Amino acid sequence: MRIYLDHNATAPLGLEVREAMLPFLGPPANPSSAHREGARARSALETARAEVAALVGAASAEIVFTSGATEANNLALRGTAAGLGIVTTAIEHASVLETARAVGAPLTVVPVDRVGRVDAGQVIAACDAATRLVSVGLANGEVGSLAPVAAITAGLRSNGILVHSDAAQAAGRLPLDVAALGVDLLSLSAHKLGGPAGIGALWVRRGVELAAQTTGGSQERGRRAGTENVAAIVGFGVAAARARAELAANAAAAARLVERLWTGLRTHVPGVVLNGPADGPRLPNTLNVSFPGAAGESLLVLLDLAGVAVSLGSACAAGAAEPSHVLLAMGRDRDAARSGVRFSVGPSTTAGDIDRVLELLPALVAQARGEAAA
Amino acid sequence: MSGGVDSAVAAARALAAGHDVVGISLRLAAGGGGSCCSLDDFHDARAVADRLGFPHYVFDLADDFERHVVRPFVAEYVAGRTPNPCARCNRHLKFGVLWERTRALGARWLATGHYARIGTDPTTGRSYLRTAVDAAKDQTYFLFALGPADLAHTLFPVGDLTKAEVRAEAAALGLAVADKPESMEVCFVPGGDVAEFVERHAPAEALRPGLIVDQTGRELGRHAGVHRFTVGQCRGLGLASGSGTPRYVRALDAGTATVTVSDAAGLRARGLVAREVSWTSGAAPAPDTPLAVRIRHRHPLIPARLLATDTGDTPVLFDDDGPAVTPGQAAVFYRGDAVLGGGWIAAALAEGAGP
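One line per chain: the protein sequences are A and B, in this order. Per the working numbering, the first sequence starts with residue 1, numbered consecutively. Per the working numbering, the second sequence starts with residue 1001, numbered consecutively.
Read the hints as simulated data drawn from the structure, not as lab findings. Quick caveat: nothing in here was measured; it's all calculated off a predicted structure. Heads up, the beta-carbon is just placed ideally off N, CA and C, and yes, glycines get one too. Among the clues, some could well be false.
Per label pair, the in silico range of CB-to-CB distance [unchecked claim]:
| # | chain 1 | residue 1 | chain 2 | residue 2 | range |
| --- | --- | --- | --- | --- | --- |
| 1 | A | ASP113 | B | GLY1238 | 54 to 60 Å |
| 2 | A | ALA211 | B | ARG1235 | 25 to 31 Å |
| 3 | B | GLY1125 | A | ALA306 | 24 to 30 Å |
| 4 | A | GLY83 | B | ALA1149 | 38 to 44 Å |
| 5 | B | HIS1043 | A | ASP335 | 33 to 39 Å |
| 6 | B | GLU1100 | A | ALA306 | 56 to 62 Å |
| 7 | B | ARG1067 | A | GLY83 | 37 to 43 Å |
| 8 | A | ARG101 | B | ARG1103 | 36 to 42 Å |
In isolation and in its complexed conformation, chain B is listed as follows (with noise of 0.2 Å):
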C-alpha cells in the first residue's frame, strides 16, 4: 500500500471478496526523500486499513531497493543508458522480496493496486498477464518480467476499473485518499532532478566530460558526462540552434564519453535487441508471430515481430521504421489485450538487419 488511491481500493476489494486482508507499506528509501515512500504515505496507507478494519505494517527493504534499483538505476546511466526503476522494483521488490515476506507470514496471495489484469489461456490453462481495461493507467509496462509462478498468487483487483471508477469507490467507502494526487516522477530522487542524484551517487571517477558530435563525428560541443543524456532527447543539449533543424540525442558511448546527435530521421530504428526476455505465461511465442511492442511507458504499440525467441538476446524486428530505441528501457510484447512478456533494451537493431 502506497498510500495512494489505487492501493486503497485493491485493498478494499480484496476485503470485499473475502480476504482475510493485511496492508503492508514498504519503506524504500532511508530518510524517504522524494515523492513517495514519505511518512504521509504511510499515514494515509494506516488510516485506509484502520477504517476498512484490518491490519498494517510498514516494512523497511531500504537495503534491498538500494541494492536491486538504486545502483542498478545509477550504473545504468553511468554505462549511457536510461534505466526503468520502476519495472526492477516490481521485479525484485514488491513480487520478490515482499512475496517472499508475506508468504512467510502465511500470506495466499499478493494483491496490488497496479492497473494490469490476469488473464488464463482457454487452451492451455495457463495465467498470462492482460491489459489494463483503463488504457489510459494500463501499468503492464513495469510489470513484463512477471511469470506464471508470480502470477499464480497475484491479485490486481483494480485491473477492470477506470481511474475515475477508482476514485469513485474510495470516496463511496469514505476514504480521504480518494482525491489524493498521484506521483509522476521517480520515486527515490528528490526533486525529481535524476543527473544531480547519479552524480552523488556514482563513483566520480564514473563521470566524465566529453564531446557532442554529428553522425560524421564532426564536434559540435562539449557535454558534463553521457549520465545527463537520454537517447531521443532533443531539449537541454547545450548546442547553438544555428541550422534551425532540431537535433536529437542518437548514440551515447560510456566508453568515449561521447554523445552523437542526429535529426529526426537519423532517430529512426529498425527495431531492436532485447535481452534478459522472460514471457510471462511461461512459453515463447513463434518467432514471426505477429505482435506489437511498447519501447517506453506511454508510448504508442509499434507493430513489429521476434527474428528469434531461444534464450539470449532477442532481435525484433518493427514492420515500419519506429522512433528512436533507448537503450536501457523495456521492450514489451503485446498481442492483443494479452502481455507476452518483454526483456531490457539492449541496442537499436542495426541497419541492414532483418530477412
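Looking at chain A on its own, in the form it has when it is part of the complex (with noise of 0.2 Å):
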C-alpha cells in the first residue's frame, strides 16, 4: 500500500467529485447551446461557479474558469500588466515569476527571510509611480510560509495598484476571504484540494479591467474564449464545496499530522533542519526538511521504493531536483538547495502513514549519508 505525502503536487480526485462529474463526460455538454443540453450543462456551469465563488467569499460573476492555476496567473499578469510595473517576491511559483520577467517593465522581484516570509513593509516600499500589479501567493507550496497579503493591500488603498494573490495552495488549507485579504485578484486551483487537474479560476474584482488573453469567444464574459470543460468544473464546484465543509476540521486534522511527523523527525532523525516557518501562521499540511549530508534526490527515490512519495519541492519537468529558487531565496546555497524533502498530507493521510514514515526514514537517511551499508 503506497503512501501519498505529496497533496501540493496533486491531490486524488474525490469519490464524489468523481461521481459528479461522471453524468457530464458522456452527453453534448455546450453550456452555449440553445437546446435543452445546453441549458443543462449551463446550469450545471453557473451551480458550480457559485460553488467556487463562496469558497473564496466572492461573486458568481466575477469567477473567470481557466485550466488552472497556472493559466489564471498568466491571465491576471498578462490581462492587466503588460508592459506595466510588477512587483512580486522571490519564492513565486514559476507560473508568476516567468511571467513578471516576460511583460513586466519594470520588474522588481522583493526577497524573502531565512524562513521564506515575506515582509508587507518591504513589498509596499517597493511600490513606486510605475507599478501597476502587486502579486503575492497567499501561502508557498515548497515550504509552507503564508505571506502578509492583506498588510500589503492595506498599505496600497487608493493607490491605483492592483494587488494579485496566487492562492492555489492556500485553497482547502486556509480560510480564504477576498475582501478580508483586500485584493483584486486572485488564482485558484481544481486539483489541490481533491478536484480535476486542467480546471483553474481567476477571480477578478468587479470592475478590475481585464485584457482577454484567449480570444474568439463571448465564454466567461468575454475574458476566456473557448468552450467550457464542464465536467471539471463541475467536479472543481463539489471539490470546492467540500473544501468549504470540511475547511476547519481538515486543517486542524493535517496540523496534527505534520506536528507528528516534526516531532518524530526530531526525536529520530539526527541533524534534521526545518525548512520554512517553525511558528507562526503557515500552511497546515506542508513540513519541508533537510537531512545535510544526505541529497534530497536520493531520499526521494529511497522513500518511492519503499512506497512513500514525496517531492523536493522544485523539481524540473523531468522530476530531476534542481536546486530550489525557494530556499535558494531563503539564502541556502546550490547544495542545501537540492536537500529539501517536502511532505504534504491530505485529507485521506492517517497517522498510521506518518509513523509508518518515521520508521523507515532514520535507516534511508542514513543510507542516503552513505553511512549504512545497503
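From the two separate chains plus the hints, produce the assembled complex.
Take a look at the structure:
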C-alpha cells in the first residue's frame, strides 16, 4: 500500500467529485448551446461557479474559469500589467515569476527572509508610480510560509495599484475571503483540493479591467474564450463545496499530522533541519526539511522504492531536483537548496502513514548519507 | 538511461537476467540544449521503464557535469587541444558521481548501454575491459579510464550484441525507441557549433586572433583563435588554395596564438606522449609489449609499443610513421580484444625519439 505525501503537487480526486463529473462525460454539454442539452450544461456550470465563488467569499460573476492556476496567473499578469510595472517576490510559483519576467516593465522582485516570509513593508516600499500590479502568493507550496497579503493591500489602498495573489496552495487549507484580503485578483486550482487537474479559476474583482488572453468567443464574459470543460468545472464545484465544509476539520487534522511528523523527525533523525517557519502562521499540511549530508534526490528515490511518495519541492519537468529557487531565495547554498524534502499531507493521510514514514526514515537517511551498508 | 535504444535494451537484459532494476537518467545540462538529455529523451526512458515495469528517476548532475566536463572542454580548446568530453563524462559522471549515488541507494551493479565487454584474465583472475562484439559500434575508446574497481560492479549487457540485434530485441519487447536514430554530435553543444560554444563560455581575453604560418614560419593568413582548429584538420582554414596541395593543421600554439600548417607528409608522427595513463586491469603491461593504439574514435588501430609504462608521461612509438596526432584526444591501448588502458595525448613524439 503506497503512502502519498505529495498533496501540494496534486491531490487524489475525491470520490463524490468523480461521481458528480460522470454525468457530464457522456452527453453533449456545451453551455453556449440553445437547446436543452446546452441548458443542462449551463445550469451545472453556474452552480459550480457559485460554489467556487463561495470558497473565497466572492460573487459568482467574478469567477473566470481557466485551465488551472498557471493559466489564471498568466491571465492576471498579462491581462492587467503587460508592459507595466510589476512587484512580486522571489518565492513565487514559476507561472508568476516567469510571466512577470516576461511582461513586467519594470519588474521588482522582493526578497524573503530565511524562513521564506515576505515582509509587507518591503513589498509596499518596492512600489512606485510605475507599479501597476503587485503579485504575492498567499501560501508557499514548497516551504509552507504565508505572505501578509492583507497587510500589503492595506498599505497600498487607494493608490491605483492592483494586487493579485496566487492562492492555489492556500485554497481548502486556509479560510479565504477576498474582501478580508483586500486583493483584486486571486488564482485558484481544483486539483490541489480534490478536484480534477486541468481546471482552475481567476477571481477578478468587479470593476477591474482585464484584457482577455484567449479570444474568439464570449465564454466567461469574454474574458476567456473557448467552450468550457463542464465536467471538470462540475468537479471543481463539488471539490470547492466540500473543501469549504470540511476546512476547519481538515486543517486541524493536517496540522496534527505535520506536528507528529516534525516531532518524530526531531526525535529519530539526527541533524534534521526545518526549511520554513517553525511557528506563527503557516500552511498546516506542509513540512519541508533537509537532512544535511543526504541528497534530496537520493531520499526521494529511497522513499519511493519503500512505498512513500514525497517531493523535492522544486523539480524540473523531468522530475530531477534542480536547486529550489525558494530555498535559494531563503539564503541556502546550491547544495542545501537541493536537499529539501517536502512532505504534504491531505484529508486521506492517516497517523499510521506518518508513523510508517518515521519508522522508515532514520535508516533511509543514514543510507543516503552513506553511513549504512546497503 | 539516455532515452536511446542501447540503454533501453541494456535495462531489459539486466531485468531478464534477474536483477532488480532501477532506471536512472542524467540531466547534465540545465536548459537541456544539444542533442541529448532533452525532455523527450527522459520521457522515452521513462516509457521504457514503465513498459518493462521498473522504477525510473532523473538525477540532476548539471553542476558536476559543468565542473568535470564542460569547463575542461572549453579550457582544452582554449589551450589549443581537442578534448574528448565523452571519455571524461564516463569517468567522472557515469562511473563516478552516478555510481556513488546509486551505490548509496543500495545498488550492487551499474549497467549501461555501452558497446563494450568485461573479461576475466584466466591466470590472474583480474577483470579487464574488452572490445564489443560489434566492432563498428565499439565504444571502448571512451571507456579506457575505467579500472578494476569500476569493472567489478559494471555490466555491459549489450556488449555481445550487434546494433541490429539490439534494435531487434527492442522491437521484440515492443519498445518505442527500437527505431530511434542515434545522436552523434557533442551532446551539450546546441547545433554542434563548437567554436561558438567555446566563445560563449571562455573568458574573452583567452580568445586571441593570430597568424597561420607554414613550417618555416612564413605567414599564410590570419585566424580568429586557436580554439577554432584541430590538429589534422584540412577544411575551413581560410587559406587561398594557391599551390594546389592541401594543407593541414600541424600544430596549435595557444601561447603565441599560432596555427602551423603543413602538407599531408608533414603531419605524420613517430608516436605520441600520453599522460594520466591508467590500466583497465590495474596492471601495466611490460614495456615493449607489442600492442595497438587508437588515437581517435573510429580511427584504425596503429601497431605500436610503449617505451615506458611507469607513472607520469608515457611515450608510445608507432611501428611505422602514423597519422596526425591530436593533443587532447585519448590514446587507447589494445591487444587483441583486450583494452589495456589509455591516457590523454599530450603531444606527438618528437623526431628522433625511440631506441
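Hint check results:
The given range of 54 to 60 Å is respected by ASP113 (chain A) and GLY1238 (chain B), whose C-beta atoms sit roughly 57 Å from each other. Taking the beta carbon of each, ALA211 (chain A) and ARG1235 (chain B) are about 54 Å apart, not inside 25 to 31 Å as hinted. At about 37 Å, the beta-carbon gap between GLY1125 (chain B) and ALA306 (chain A) misses the expected band of 24 to 30 Å. Our hint of 38 to 44 Å for GLY83 (chain A) and ALA1149 (chain B) is violated, since their Cβ atoms are close to 59 Å apart.
For HIS1043 (chain B) and ASP335 (chain A), the hinted distance range of 33 to 39 Å is not satisfied, since their beta carbons lie about 28 Å from each other. Between GLU1100 (chain B) and ALA306 (chain A) the beta carbon distance is about 21 Å. The supplied range of 56 to 62 Å is therefore violated. Roughly 40 Å separates the CB atoms of ARG1067 (chain B) and GLY83 (chain A), a value that falls within the hinted 37 to 43 Å. A beta carbon spacing of about 40 Å between ARG101 (chain A) and ARG1103 (chain B) agrees with the range 36 to 42 Å that was offered as a hint.
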